[in-house]
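Student: Sequence:
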Amino acid sequence: MSSVVTGEAVVLELRPASFGARSISLLIDIVAQVILVLAIILTVSGTLAGSLDPALSQALVLVLLILVVLVVPVTVETLTRGRSLGRLVMGLRIVRDDGGAIRFRHAFIRGMLGVLEIYLLVGSLAFLVAVFNEKSKRLGDLLAGTYSMHERVVEKPRTLAVTPPHLAPWLETADLLQLPDPLARRVAAFIGQAPRLTPVARGTLATELATEVSAFVAPAPPPGTHPEDFLNAVLARRRERDLGRLTRQRERTAKSAERLHRLPFNQ
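Start counting the sequence shown at 71; every next residue gets the next number (the numbering used here).
If you are wondering where the hints come from, they were derived from the structure by calculation, not from laboratory data.
Just so you know, these numbers come straight off a predicted model, no measurement behind them.
The reader is advised that the hints may include incorrect statements.
[What the hints assert, rightly or not] Lysine to any residue pairs mimicking SDA-like chemistry, simulated, CA-CA at most 25 Å apart:
no., residue 1, residue 2
1, K205, P86
2, K325, D312
3, K325, L313
4, K205, G169
5, K205, I98
6, K205, S93
7, K205, L97
8, K325, R311
9, K205, R166
10, K205, R173
11, K205, G156
12, K205, L158
13, K205, F174
14, K205, L190
15, K205, L191
16, K205, G215
17, K205, H220
18, K205, S194
19, K325, E310
20, K205, S88
21, K205, T148
22, K205, G193
23, K205, L195
24, K205, R175
25, K205, P143
26, K205, V185
27, K205, V192
28, K205, R85
29, K205, A171
30, K205, L186
31, K205, L96
32, K205, R153
33, K205, F178
34, K205, E221
35, K205, M182
36, K205, D168
[Said to hold, decoys possible] Computed beta-carbon distance windows for the label pairs:
no., residue 1, residue 2, range
37, L186, G262, 44 to 50 Å
38, L126, D167, 43 to 49 Å
39, I100, A271, 42 to 48 Å
Even glycine gets a Cβ: it sits at the ideal position worked out from N, Cα and C.
With the hints as extra help, turn the sequences into a complete structure.
Tutor: Structure below.
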């Protein structure tokens, strides 16, 4: 994943497409272009058979190649904001380096350079540039300021903290108001990653975090409480408290809006 900070100071987590995914999407696009060229040639040759001189035939073939190799891809990328048939199949999209949608100039630069690095040089230049680039950019992407990203990312299920039953009575009297947000986020990250950690690392991290959290929780948990049980109980209670506060705030906002709506000047 790569982090992109937008002009509104919003951090976007984007996943650049791998070299393999980009290669497969490019092959799909090339096959589609070849099929389109053959279909047009067969249609034209069947309609105008014997009525075209060699020079005009060569000119039509040249125009057809420019249309299919450059005009159509640039038009499709511009209208679909970075998609193509191959990218649609692979779940990819071309975006700007700042994460925004591309425009005509980006698609045109990529299309012009694509004729050179993909078709004239049989993909060798695109391969060499993409292999040594962390986002698998080809030369056209470097000059246009774009890259390919995954649109369809499978989101892994999150592991939520659950209050152990034997700690429920203690939580009724526990004070968690002073628990800092950064520490709470670290605890949440540990709970989500705990099943993938080795037993030694899992126990060590749980003990360290429990020691830090215990300084902000009163009273202390019952003697003999496992560090992970303690962390799960604290985080689950904090989540329930925050959810309750947000629910009450939403209800107050709705009641205030309803009272304002009933005022005489709103009738």
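Student: For every hint, state whether the structure bears it out.
Tutor: Taking the hints in turn, this is what the structure says about them:
1. K205 to P86: 6 Å, holds
2. K325 to D312: Measuring from Cα to Cα gives roughly 20 Å; hence the hint holds.
3. K325 to L313: 18 Å, holds
4. K205 to G169: It holds: about 13 Å lies between the C-alpha atoms, which stays within 25 Å.
5. K205 to I98: 20 Å, holds
6. K205 to S93: The hint holds at about 13 Å.
7. K205 to L97: Given that 25 Å is the threshold and the Cα spacing comes to 19 Å, the pair holds.
8. K325 to R311: Roughly 21 Å between the alpha carbons, so the hint for K325 and R311 holds.
9. K205 to R166: 12 Å, holds
10. K205 to R173: The hint holds at about 20 Å.
11. K205 to G156: The given pair, whose Cα atoms are some 18 Å apart, holds under the 25 Å limit.
12. K205 to L158: At roughly 19 Å apart (the allowed maximum being 25 Å), L158 and K205 satisfy the hint.
13. K205 to F174: 22 Å, holds
14. K205 to L190: 23 Å, holds
15. K205 to L191: The hint holds at about 21 Å.
16. K205 to G215: Status holds; Cα separation ~12 Å.
17. K205 to H220: Between K205 and H220 the Cα gap is close to 11 Å, so the pair holds against 25 Å.
18. K205 to S194: 17 Å, holds
19. K325 to E310: Answer holds: K325 to E310 is near 23 Å, not above 25 Å.
20. K205 to S88: Measuring from Cα to Cα gives roughly 7 Å; hence the hint holds.
21. K205 to T148: 21 Å, holds
22. K205 to G193: This hinted pair holds, its Cα atoms lying about 17 Å apart.
23. K205 to L195: It holds: about 16 Å lies between the C-alpha atoms, which stays within 25 Å.
24. K205 to R175: 21 Å, holds
25. K205 to P143: At roughly 21 Å apart (the allowed maximum being 25 Å), P143 and K205 satisfy the hint.
26. K205 to V185: OK: K205 and V185 at ~21 Å, within 25 Å.
27. K205 to V192: 21 Å, holds
28. K205 to R85: The hint holds at about 9 Å.
29. K205 to A171: 17 Å, holds
30. K205 to L186: 20 Å, holds
31. K205 to L96: Answer holds: K205 to L96 is near 16 Å, not above 25 Å.
32. K205 to R153: 17 Å, holds
33. K205 to F178: 20 Å, holds
34. K205 to E221: This hinted pair holds, its Cα atoms lying about 15 Å apart.
35. K205 to M182: The given pair, whose Cα atoms are some 20 Å apart, holds under the 25 Å limit.
36. K205 to D168: Roughly 13 Å between the alpha carbons, so the hint for K205 and D168 holds.
37. L186 to G262: 44 to 50 Å: 46 Å, holds
38. L126 to D167: 43 to 49 Å: 44 Å, holds
39. I100 to A271: 42 to 48 Å: 47 Å, holds
Of the numbered hints given earlier, the model fails none.
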